[in-house]
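Undergrad: Chains as they are written, first to last, in the working numbering: chain A, 1 to 274; chain B, 1 to 764.
The hints are simulated quantities; they were obtained by calculation from the structure and are not laboratory data.
Small disclaimer: the values here were computed from a predicted structure and weren't measured.
Even glycine gets a Cβ: it sits at the ideal position worked out from N, Cα and C.
Mixed in with the good hints, there may be bad ones.
[Unchecked claim] Distance ranges between label pairs, derived from CB positions: (1) Ala713(B) <-> Glu131(A): 55 to 61 Å; (2) Gly383(B) <-> Glu131(A): 33 to 39 Å; (3) Ile113(A) <-> Ala240(B): 38 to 44 Å.
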Amino acid sequence: MAGVCFLLPGLLGVLVFTLIPFVEVVRRSFQSAVGNQWVGPDNYRTVLSNTAFRMAAGNTLRFTVICIPLLVALSLLLAVVLQKLKFLKNTLKSIFLVPVAVPAASVVLVWKILFHSNGLINGALTALGRERIGWMTTGASFWVLVLSYLWKNLGYDMILWMAGLAGIPKEIYEAARVDGAGEWKCFTRITMPNLLPSLYTISVLSFLNSFKVFREAWLVAGDYPQQDMYLLQHLYNNWFRELSFDKISAAAVMTAAVVLVLIVLLQRAWDKEG
Amino acid sequence: MGNDRKTWRRKIAALLAASLCAGALPAAGAAAEEDGGMAMGRYVETELALPENATIRDIVRRDDGTLRIIGSFYEEEESGEVRESYRMWDNSDCGDTWEETAVLPEEYENGYFMTLALARDGGGAGVLMEDDGSGDYDYSLVTFDAQGNAQEADLDGEMITQLTIADNGGLVGWASGSRAVLLDLSDGVQLQTLTDGDARIVASAGGEALALGNGTLQRYDAATGEPIARDEVLEEALFADGASYEVTTGSSYPIVFASDEEGRLFYCTSKGIYSHVMEGGVVEQVVNGDLSTLADPSVQPAAMETKDQSFYVLYPRESGAYGSLYGLLRFDYNPDMAAAPEKEITVYSLKENADVQQAAAQYQKLHPDTYVNYQIGMTGTDGVTVSDALRTLNTDILAGNGPDVLVLDGMNIETYAQKGLLADLSGIADELGSGDGLVDAVACAYRTEELLPAIVTKFSIPAVAGEAELFGQTKDFAGLAGLAAQTGTFTASDIAMLPEILYPICAGSWKKEDGTISQEGLMEYMEGLRKITDAFKENMSEDDQEFYDLAAEYGDAFLEEIMAATGGSGMSLGVYGMDFAAENLRLALGVINGMYTWSDLTSANRVTGKCQAEPAGLQQEQVFVPVSVVGVTSASKTPEEALEFVRYMLSQDGQLADTRNGFPVNRAALERRLQEPLFKDGELSSYSEDKRTGETMELTCYWPTQEEQDLLAGWIEELSVCADMDEVQRSVVLEQAHQCVNGNISAEEAVNTIMQKINLYLAE
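Produce the complete structure using the sequences and hints provided.
TA: This is the structure we're talking about:
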């Protein structure tokens, strides 16, 4: 009973602010944009045949597939290296955490200074006798977005990994070293298996955080950025402006389904490993 | 023992909670009762008649309780000349009838009173401006008694443009240098400077002189000039929400003051009439401006008076044959009228729309039971973008709180219609078509096979003006570039705004049948812009360079300012009238957006014979720009009232209310607009400094002749293409176009970026 009481406020919050609105979204996905006309699966058909949706979904998928493994691997590497450090450990930890605290609007200013056609990077390239690059107007914009995401989230993931590392008993390492295990063997046979529960949490959090990169993309390039930077959130945002509640609802339901399936698959995979 | 205590504590807590709930119930019930009953009583306005052929300047409640007004009276003599005399009229029946009671001496008929003020005893004072015969002007203070007996005192070159007389006889003026000065009513001698350098408006209330500055209100004893402690409550109310009071005309003010028989202060702004007891703790709104003519942006008060708890507001209404025609509003308290109107319609526009504001104010006057709640998405002060505003609007629509009437300026009408958001307005169009008549090709430009989702209520015509022999070269970009290379063709502002000016006569042609954009058409536009701009820049004068730099420095804000002046339809050609008359300019591009513009051009043509005009055509011809487009939302909670409001906007009264921006689509109103002069020939002049010579340029305006009216009417009949004003596409194209003409990117880069963005937009 006490458990239920503790659970109730949180559950109520999730119900009121997430689940019930989502049920409303599901209902709307079968109705016309304005009014309550039932249109069946038409909205889903429209969305799936929409080239903008396909492009945005493709870009979002590409971004996720590239960013998540990179972020997870790089942050783990940093966490392991920092864990080993005897000096400057806390200072470096703080430095890596700074990007998390930097507001998106400030990041955008730095972007503009660096990546504008007359910005610092192009200035440096010109000084070196190289041609300018349209960082925001060519495919390079996608990689700027990837870089920004990694920079912003590396510190956060690193802290999560370090928490996982701190939970591994030192005695195991000592016993392994007595048995002659080297650094690499310790890492693959002790560290990695013990970090698997953290890997699940970190992957899911990184995945959800990847949606936030839209803020920077939107603040830099507005509603219609270079097409490689055009993400699902751009599309939702623009659809909302055009009163396309029908299409947003259908697309949101499909996105939620994909996210849910991915999370369930991840969980199952970790459970099996466990 | 411990458990007993806990049980008691719980019982007490439960009891307290129950009593709290019980206590709350009657209170809630009482509130509901209050809410259920309708609060009654509010001020209702009535428009009063003023003496005919007169321009009224001030109004006062005399000591004996009668009202007195003063102004110019015009009468046509047998010779055909118009004689202007200064007279006073009295009234003793609450402003319904006026009787002439005094005339100022004839000697002042040759001069012009820059300002006139009345005192409670019926006398008054004015600042007279007289030509001294050498082209310069003399200024003198004329004081007069209730019978019109006057005396004059020289002001020694001091220019005083505002005067007010306090209840204790103190005469206060506003002098150049933003000074409030105290004058002697008997001889005009300047007694002392009250405020030096920060007075924008001077006023009086009771025995006090008030000097309204930038965020401050200085108080003085009007008899002695002694300062009085500041009234912080009043100051806070006056300058709430960053309000400021700038005097922009010589005949009206953003704020006027008055005091009643008990000395209570009242002030009137566009927001309403407010009451305050000096040094009291409250400023109370007694008349809600939103429910009256005061909300009309074309109405600004000239003076206010109170009598027997009624308010009289004098305001310049429109240009008449002899000068400004004045209106007088009386606000009476009606205890039987609901405190707030029973019905409400919400009207929404992205940007502030003077046409709608006027219509809302006039509609409320005709329907006192209806409150027109006018909402503006982008006020211009809050950094809200078009997309932000549209998303907020859509959230309201989704929540069921959307507006009843939508002013679809720049919105994607096609999309809104497809979504079923807009109701069919065919009924109104048919009704009007069979009545006053409708310029159908313009008004019903958005008609689809199924419905008429929106009606264009006002429009302007993209045009070219100047030497007729040059017009042939304005039909293609190469010709325009050739013209831009010549001196005297185009101005720097034309070139700075070239992407905006040419957009309406090009954008529609880029749309292919499948709805996508033609890259070739867009490339032609972009390369054309670049060529014209480059050709102009190579030969531009220093003045043009200065203007162009200013436009480049202030960018969008500068252009937005100019665009806003013509309701987003581009630069009005009327501003070039003087340059054409002075033969400083040979050609200009822009819009003819009303009869003032057309009369400026035709008047300039009378001077030189070299100021012709014709509709502009480039990638498209016979184009009109919708200045205002309205629709009614299908989810409106008050559809009948919403339709009635649109009906009013399309009625002759609604269409003729705003004289500045846009031609009416109501045929009867259009004919009246063309034929009925807004001013008398020769009475309206514009002045400006000739930048080349430093001399003053003057353009005397004449109402277009029948032939000129017919020419314009003929062009209107031929209009058939509605300019593409979709704001999303327009902003994407113009942003890249400015980058291109400024040399930051090539035409190819600009087109590629636009194509990519627009294709995404269209694919969505």
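Undergrad: Starting from the range 38 to 44 Å, see whether the pair Ile113(A) and Ala240(B) falls in it by beta-carbon distance.
TA: About 39 Å separates the Cβ atoms of Ile113(A) and Ala240(B), which means 38 to 44 Å holds.
Undergrad: CB of Ala713(B) to CB of Glu131(A), is that within 55 to 61 Å?
TA: The hinted range 55 to 61 Å holds for Ala713(B) and Glu131(A), with Cβ atoms some 58 Å apart.
Undergrad: Given a hint of 33 to 39 Å, does the C-beta separation of Gly383(B) and Glu131(A) actually sit inside it?
TA: Given range 33 to 39 Å: holds, Cβ gap about 36 Å.
Hint check: no violations occur; every hint is consistent with the structure.
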